[in-house]
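Using the sequences and the hints, build the whole thing.
Protein chains: 2
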Amino acid sequence: MSDLHVYDTTLRDGAQQEGLNLSVSDKLAIALHLDELGVGFIEGGWPGANPKDTEFFARAQTELHLRNATLAAFGATRRAGGNAADDPLVRALIDSRAPVVTIVAKSHVRHVESALRTTLKENLAMVRDTVSFLHGEGRRVFLDAEHFFDGYAADRAYALEVVRAAMESGAEVVALCDTNGGMLPDQIADVVADAVSTTSARVGIHCHNDTGCAVANSMAAVDAGATHVQGTINGYGERTGNADLLTVVSNLQIKRGLPLLETGRLREATRIAHSIAEITNVPPYSRQPYVGASAFAHKAGLHASAIKVDPDLYQHTDPQHVGNDMRMLVSDMAGRASIELKGRELGYDLSDENELLVRVLAKVKALELRGYTFDAADASFELLLRREVEEDATFDFFEVESWRVITDARGDEDALSEATVKVVAGGERVVATGEGNGPVNALDHALRRALAPAYPELDKLELIDFRVRILDAAHGTDAVTRVLIETSDGSTSWETIGVAGNIIEASWQALVDGVTYGLVRAGVPVR
Amino acid sequence: MSDLHVYDTTLRDGAQQEGLNLSVSDKLAIALHLDELGVGFIEGGWPGANPKDTEFFARAQTELHLRNATLAAFGATRRAGGNAADDPLVRALIDSRAPVVTIVAKSHVRHVESALRTTLKENLAMVRDTVSFLHGEGRRVFLDAEHFFDGYAADRAYALEVVRAAMESGAEVVALCDTNGGMLPDQIADVVADAVSTTSARVGIHCHNDTGCAVANSMAAVDAGATHVQGTINGYGERTGNADLLTVVSNLQIKRGLPLLETGRLREATRIAHSIAEITNVPPYSRQPYVGASAFAHKAGLHASAIKVDPDLYQHTDPQHVGNDMRMLVSDMAGRASIELKGRELGYDLSDENELLVRVLAKVKALELRGYTFDAADASFELLLRREVEEDATFDFFEVESWRVITDARGDEDALSEATVKVVAGGERVVATGEGNGPVNALDHALRRALAPAYPELDKLELIDFRVRILDAAHGTDAVTRVLIETSDGSTSWETIGVAGNIIEASWQALVDGVTYGLVRAGVPVR
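One line per chain: the protein sequences are A and B, in this order.
Just so we're aligned, residue 1 is where the first sequence starts under the numbering used here, counting upward by one.
Just so we're aligned, residue 1 is where the second sequence starts under the numbering used here, counting upward by one.
You can take every hint at face value.
One copy or two, it doesn't matter: identical chains are merged, so the pair holds either way.
Derived EDC-like pairs: lysine to aspartate or glutamate, alpha-carbon spacing no greater than 16 angstroms straight-line:
1) Lys342 - Asp325
2) Lys255 - Asp223
3) Lys52 - Glu368
4) Lys460 - Asp489
5) Lys365 - Asp325
6) Lys422 - Asp412
7) Lys422 - Asp408
8) Lys121 - Asp155
9) Lys422 - Glu401
10) Lys255 - Asp186
11) Lys365 - Glu388
12) Lys422 - Glu399
Just so you know, the hints here were simulated from the structure itself, not pulled from any lab data.
Predicted model only: the values in this text are computed from it and were never measured.
See the structure below:
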């Protein structure tokens, strides 16, 4: 393993992205994914500066069990004229209990004078006081030197003096930040090399993508001696975003041969990038390097036969390295193998069922093309597989005749939803209605009420989460809606999926799968 | 003006992007935009290889009046064992009448042998014969050396021999192509420098973005002596796309001081990038450098007061250089300064309106606590601010009495949605219904139908995007749904927001804001 730090700031700087708004639970879920990926550090937010981040660190103490990563709290140097020990924001960093504290400091003379409105001397004192206080309290202290590259151009000596002040006071890393993102790789390389050779600091790099060079700038910094790289998943961040951490790590690991992540971890990159996009609800960018849906997609054409003979001639790396797929190949062994494995989990030995495996794989690929995503809906995939392996009738618990949901409101009153569901179950036709604070809630109530006479076991089921994603929203009209529903039976929960042009229809599909899976799981026979 | 070639291949290599499909008229319209931008060369397609491209060049003769750019036709070297004068695809290049012909040739030994299935010697003969024939016919000939960088790594001497063969036969440019996109800037720089110093060629560069470095690679090539840069608008292209030409040109012109485009042309960049996206129907990427909607959008509230004093401290270049704008995003991190700045954008001087600023800020914070996120819904924030600054009645275009939406389905049929809306507008009570492929679509149709008698201006509005987010249950209450809607009037679009327990109610709020904003924007009086 290389000792280069992989430092993720998705939860803090990434959250600055326009339109991105993460709840505390979102942040905890993302942190788990980051830890699974194997990053060294997870910057969780700015405790004390906003209540949500304070709560994140409080809940992390009990709820977030990290396997590999170290949690970092972000904060600023103490106020001008005060002292660190009495500064409430500095205290909040201690209270967060994060083992690493990353302090942002000004290193650009004009920013010190016109944004911070203090003297150059006091700014250095603020750095020294804050770093040494936190260090004295037993924290590992990293410094983010804000606007460093612009500051270096304005006053090289002062910018480097900030680096030295931090190191001398106990900082372990000084990350040089291209805060405005206007640098090009040669400038980054020159400045990093100077900082590495003229200070004793462990130098880090923090880039933004305003010139389209955030990845290259991060690479240039590492080549020039930086040993700490900051970035965000999917390049989230303010304006044009931060350096895309997965691209930087993939480049360093695959192209430069630096073993940054534990063996096998990079193979989770595509899945993790997409899982995090599900949480942020920012549509994944299909042209994203390495992990994008199109990253290894070849338009069928004149190269098709040559690709079949020797794929390496037409791809810059093996997509398996990052858990992605070349998309021209229809049947690949990996796909079949994972379906076989899933079957074994469910108690089916499919090792000799090659035809069935090919059929299931083709079905999955066709459905995913229409917008299904089975890695987020295990229960729906399990039903699909069981239906192929066993007789269809095994799962015909009920037949849907029709459903209808009405939502209405008068003036400024709250809207009400009411659903009617007509089914045949246990040999009886049942018409049931349900109300809810939304159309899906109402449908859920009506469906379970209709099934209650035949299947009283459904009484304990509860719809606990509902997520909606509009796919291909390019021109509104042909957009398809993907709905994920999580259902619980009190002791465990499962995810099901529906995809349709109509959001209510997609929700209905997911509801029906959720209820059906509940019956399968409980071992209830068809009545 | 620098004599560096700006060579656009949006219409040829860009069109290889997954899901992109351009008609001949689309291509002609894009070519006009490219010419207006001021690129030197427009690669129009491959005449002879597909009928659409043959037609493009035929129609370009009479319909495309280029002010500045030169049209280039793309093709390949003649077939192995034949001769150029008799090759129908080479003849098609002559017939296209394009003054520049760009020929793709193999320069990688393995590709010659296993994809082209000919000898290394014959491949060189194909280059010489094709280039000298076309040159003899009075065409300017450029050569695209395919897989050059991988080929150089496999057999440097042979790769360079291909460059020499082309130059000696009359080629004006040899563009070195990183066809698989796997290179990093330092590799590009080394190879380009070698090609420049050991051949007499005018060297060009053609990059793909598979390592996230297409822009930096193009810059590195220019720094190493390349004087011809290829790329595509919005970085369109196969897999991760080609180098984004506008980012490369902006970097070279703004950061390196190379005057590539005529004075004032770069100021059209944002408008032209978005106009071309309208034609390709690929949603613009908001985080795109220089021209993206978020490229100069600031969220962090702590910076706002400093930005007010000195915007240059917080942006890497003046957005006006590329025809973009600085935007302040209002979020829960916002302060009074950012609201004042936003007011200034809308034409209100609020510098002395401290009480109003405090009131607006309190309102924003209270709404964000309930789940609103105004940085993603500029138009809703603008309505909120305008309602505080002006009389409320200024925006009372209509009064909603009630609305209702029904979604139903029988058996396996597709669901249908139908909405009824009752409003008072222009002094009349109107009841209108609308259908749609989803409840929000149906409500949108019904609402605009109800308002049409009083406000015929709404006819041209279109709902173009719809996003849904379920927010965590806060303090034991029910989950809340946030809906963002994007509405377009054909030339511009705006985002509005709704938050409610019921997803349909949240959608309704966002729809009402979207329509109201459309009326405000068009300067329509209350009727």
